[in-house]
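Using the sequences provided together with the hints, build the complete structure.
Protein chains: 2
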Amino acid sequence: MLSDIDVEMKRRGIDGLVVLGDTTLGNPDLTYVVGGSLPRGGIYLKRVGQEPLLLTSNLDIHTARRCGRVKKIMTYSDYDYEKLMAQHGRAEAYPRFLQKLLGGLGIKGKVIVAGRNDLAWGIHLASRLRSLGTEIEGEAAPTILEYARETKSTDEINEIRGVGRKTAHVVNSIVDILSNVKRRRGHLWIGTKRATVGLVKQEIGTLLASENLTAPEGTIFAAGGSSADPHNRGNPSDELAEGKLIVFDIFPQSDSGYWYDLTRSFTIGRADKKIRHMFDSVREAQEASLEILQEGLPADEAMSRACDVIEANEFRTVREVYEGKTREIQSGFSHSLGHGVGLTIGERPYLAFQSKDPLRSGQVVTVEPGVYVPRVGGVRIEDTVTITKQGCRILADVQKMLEI
Amino acid sequence: MLSDIDVEMKRRGIDGLVVLGDTTLGNPDLTYVVGGSLPRGGIYLKRVGQEPLLLTSNLDIHTARRCGRVKKIMTYSDYDYEKLMAQHGRAEAYPRFLQKLLGGLGIKGKVIVAGRNDLAWGIHLASRLRSLGTEIEGEAAPTILEYARETKSTDEINEIRGVGRKTAHVVNSIVDILSNVKRRRGHLWIGTKRATVGLVKQEIGTLLASENLTAPEGTIFAAGGSSADPHNRGNPSDELAEGKLIVFDIFPQSDSGYWYDLTRSFTIGRADKKIRHMFDSVREAQEASLEILQEGLPADEAMSRACDVIEANEFRTVREVYEGKTREIQSGFSHSLGHGVGLTIGERPYLAFQSKDPLRSGQVVTVEPGVYVPRVGGVRIEDTVTITKQGCRILADVQKMLEI
Chain A
-19 MLSDIDVEMK
-9 RRGIDGLVVL
1 GDTTLGNPDL
11 TYVVGGSLPR
21 GGIYLKRVGQ
31 EPLLLTSNLD
41 IHTARRCGRV
51 KKIMTYSDYD
61 YEKLMAQHGR
71 AEAYPRFLQK
81 LLGGLGIKGK
91 VIVAGRNDLA
101 WGIHLASRLR
111 SLGTEIEGEA
121 APTILEYARE
131 TKSTDEINEI
141 RGVGRKTAHV
151 VNSIVDILSN
161 VKRRRGHLWI
171 GTKRATVGLV
181 KQEIGTLLAS
191 ENLTAPEGTI
201 FAAGGSSADP
211 HNRGNPSDEL
221 AEGKLIVFDI
231 FPQSDSGYWY
241 DLTRSFTIGR
251 ADKKIRHMFD
261 SVREAQEASL
271 EILQEGLPAD
281 EAMSRACDVI
291 EANEFRTVRE
301 VYEGKTREIQ
311 SGFSHSLGHG
321 VGLTIGERPY
331 LAFQSKDPLR
341 SGQVVTVEPG
351 VYVPRVGGVR
361 IEDTVTITKQ
371 GCRILADVQK
381 MLEI
Chain B
-19 MLSDIDVEMK
-9 RRGIDGLVVL
1 GDTTLGNPDL
11 TYVVGGSLPR
21 GGIYLKRVGQ
31 EPLLLTSNLD
41 IHTARRCGRV
51 KKIMTYSDYD
61 YEKLMAQHGR
71 AEAYPRFLQK
81 LLGGLGIKGK
91 VIVAGRNDLA
101 WGIHLASRLR
111 SLGTEIEGEA
121 APTILEYARE
131 TKSTDEINEI
141 RGVGRKTAHV
151 VNSIVDILSN
161 VKRRRGHLWI
171 GTKRATVGLV
181 KQEIGTLLAS
191 ENLTAPEGTI
201 FAAGGSSADP
211 HNRGNPSDEL
221 AEGKLIVFDI
231 FPQSDSGYWY
241 DLTRSFTIGR
251 ADKKIRHMFD
261 SVREAQEASL
271 EILQEGLPAD
281 EAMSRACDVI
291 EANEFRTVRE
301 VYEGKTREIQ
311 SGFSHSLGHG
321 VGLTIGERPY
331 LAFQSKDPLR
341 SGQVVTVEPG
351 VYVPRVGGVR
361 IEDTVTITKQ
371 GCRILADVQK
381 MLEI
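As given, the protein sequences belong to chains A and B, one line each in that order. So for the first sequence, this note's numbering puts the first residue at -19; every next one is plus one. So for the second sequence, this note's numbering puts the first residue at -19; every next one is plus one.
Hints are not guaranteed to be accurate.
Each pair may be met inside one copy or between any two copies, as identical chains are not told apart.
Restricting the straight-line Cα-Cα distance to at most 16 Å, the calculated cross-link-like pairs of lysine to aspartate or glutamate (EDC-like) are [stated by the list, open to error]:
1. LYS254 to GLU308
2. LYS88 to GLU115
3. LYS63 to GLU222
4. LYS254 to ASP288
5. LYS63 to GLU115
6. LYS305 to ASP60
7. LYS253 to GLU(-12)
The hints are simulated quantities; they were obtained by calculation from the structure and are not laboratory data.
Spelled out as structure tokens, the structure:
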């Protein structure tokens, strides 16, 4: 939550926090503190215990005001950035400008400079600021902002639920289309066209657009053997075929910057016994982990629960790797159970063996066990849920059925 | 160009270059050296004069091989990252892992760590690496990778041209739709719906999807008064009206990571004399700057040329701000002439007063003069061009006409 920023600054002995970037795109920390998108980014400065200050370009100031999260917003020109550029040149003006701003806010102690930017430039910036007398600190994960962003406010959860509702529309529409494929001359047809992965992906794109969503990281729609690779996005020329596994993993982002993550796996027509067993095992693993998720549960226990179920169904799991028994598994449950979702599609907390931290109320995580069998295909079932005091709540309801 | 990396490493006395990130999304330097997208990112390491090494997760190794740019690709597990995590914990394992990899490649001199990542974390990483004995250097702009990415290979230009062709399709389709609006009961209609900015934006989204493009930074379709703010994206509820200015600025990205940038400004139906004068001035300014663009021209001279024309047409320009005569201008040509386009939508070179560097063959830049008059609206005309020895070439042809 936003209010964690001050709490964590105090706890960690940090006097000043700077979040910066030349765009909010792909800069979740900056989007978070600004409360929206700024095409040309900005500089957010906060002294512990005080209201923050946001600087933007003249072109973005109206947009910044509409974002509404920071009350005091000024332009670079208001603080004579141009004069510093004329005096010191472009490269040297920036650290001097920051130095001047920090001084103006009375920040004298440890300062953190955050935001997603080029590291080579950031490391240079830190060393220039240090020469100018600022005490710059680095942060090991979780940074103050990662920690704050980890628990979502009611507004944020509603925003994510909204993205979930739209995502569910897209998935339901695609399932509708697939339930209406025609069988003709040994192929499956959508309307007058062969049912290929590429055609379905185009439909997904159109549906996303009509919901005002984008998919900056693409969409996984993998059919048959390629679904056995959890991150294969699907080969456009692959034809859909009856009884073959399809993994449909969709992770769109809305204008607000928030994401949603949802996976369904199915076959068109009848699935054989082997596939049915994969599906039932994954579904049982998801239900078992959903059942125990709640505030206070160590994250790795959810992962462990999912592995228990999958192992009881005679599939291998990544626990073998974690326990050092093997380097990698060639089939079975080969990834972690889940990850946080918010202004990024992969953030804290992680439902994985390495994560011992207890879950916190307001976290939003995916729960996505999977089983992959080379040459056969994969089954993954994924929902995005929010952690509560008593349990967890799925943020968008979509049917889970194997055969469509 | 990719080959500039080695040249610049030598010239700047750098022994090792590391480019890293937990995703290639929003990480153009990593996308560039990898030659494609890796959902979970990776670590690219290069010793000066030697072939690079790329490490990815087990899940992404097949994708990384398909990217094809790096020949030697391994997984983290191949270098026992898990063991380091078990020994040192997650946070400390990473710098130790990098240290081990750098040692393995025989890198002993200055090392640059690049890639778009959280600065607070990066500054911590740099200080840990320094304690472990690595000589980490920062970079003022232009970094080695910015410099390399500034000039595009023939393949890259073809890729950008491809995005341009698809972008042109979208723009032409929207112009078609707008030439067929109906006038009824004092409103404009598209089919049976009122012609609003929101409706047009939905069409744009659908068209982008059908071209397999996304618009991660949105699209500007600003009508009437809101077009007077160069970065107003357009108010969905605004109705289109005859004779009012519309600025349509579209900047989509393709799967490959490359962007295109194109703007047209027009009125539906007749434009009045004042608007016609704005349009003609901007068009003349664009033509005049396109005429002089070529290898060797100092970038600021193109900017200056556009201002000459716009000032001769009695509009104010940002030159007044650059020359310190005023802090900002309230109307006229209030931004720079252009910026580079590639794996980002705003990169070097900049066609601006501050940029004295001569243009280089293979650069891809926008040429986008504009004139904005509060309450009336804006006109901006923008094409993306590549710089050549003899001049420049527009990468996608789209008609420039005021009235549609």
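Failing hints, ascending? 1, 3, 4, 5, 7
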